[in-house]
Amino acid sequence: MFGAVLFLTCFYLNVAEQVSYHLDILTYNIGDAGCDNCKIYAKVFSQKNKLGKVYSADLRQLDKPQHNEFRRDEWDFFHVRAEDVGIIECIELTSKSSNAIHINKVVISSTSHSLPTHMYNTAGKWLSTSSKSNHVSKLKLCAQGVEVYYITTKVTTAKKDSGSDSIHLTALIEGGEASTKTGYFEHERLDDFRKGALDTFVFRNLRGLHGVKCITLKAGGSDKLVLEWVKVESSTQPTVTFHNKALTALSSNKKEGTDSLKLCK
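Under numbering that gives the first Met the number 0, the first residue of the sequence shown is numbered 0, with each subsequent residue one higher.
Worth flagging that the hints you see were computed from the coordinates, not collected in a lab.
Just so it is clear, CB atoms sit at the ideal spot from N, CA and C, and this is done for glycine as well.
Below, in silico cross-link-like pairs of lysine-lysine (BS3-like), each with a Cα-Cα straight-line distance of 30 Å or less:
hint	residue 1	residue 2
1	K47	K139
2	K104	K52
3	K230	K264
4	K180	K261
5	K261	K194
Pairwise CB distance ranges, derived in the manner of DEER restraints:
hint	residue 1	residue 2	range
6	L50	R193	55 to 61 Å
7	C263	I29	21 to 27 Å
8	G30	R193	43 to 49 Å
9	K244	H21	42 to 48 Å
10	A245	G175	21 to 27 Å
11	T199	E82	40 to 46 Å
12	T128	K52	30 to 36 Å
13	Q46	V201	24 to 30 Å
14	H66	K194	52 to 58 Å
15	K52	A196	48 to 54 Å
Take the sequences, apply the hints, and build the full model.
Following this line, the structure appears as structure tokens:
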């Protein structure tokens, strides 16, 4: 019994050590989303340990002297010393200002756990002391997971010149309440998107979604690409195949096709 108490006491003391937290906060790119005189306070929470205990640490007011924080569609970076909570699960932001701010995303790490935790304001709540609809004085955001996506494409054989090796393709994958962006669809030392070919691309460290509903393909190159279908797979989500029934061509050249193609279930 004494050994168990000693272990728990040492564990708590270890968790309570001081560490440096690094916070990156992004506001939405919409009207009035920023606020240069807001008083925003932060508190972080740990994952539950084996005993069901959650630790928290007060990061106090997020403020950089002589600097205008929380401008529209811009990142703000804060370094704060506080007690170590271990693996970070959630952050609670509190406003003490009637001026509203619309926070999009928070990325946080610490010197004891350097892997960043990504948290998103998927509910679209505004942070302020105002009593307006969709405004809250406390906004709690929690980690939603990091996902590996496997995206397979099929280039059609039904169209002439349907393949392309310089299309510079990216995608936006949409779920029920959130979305995540991929990098470029490319393989080193391989010619991608040949006519009739199947290509599978792996995208790591993307945001986890609750059910994939749509994918928007974006072409950055002036070549033409005509895909027959696109299949999206991950380790936690059901496989979804999106069909380009109209065989719409992708291209940044408007004479060749469209630079953005949205396919949904």
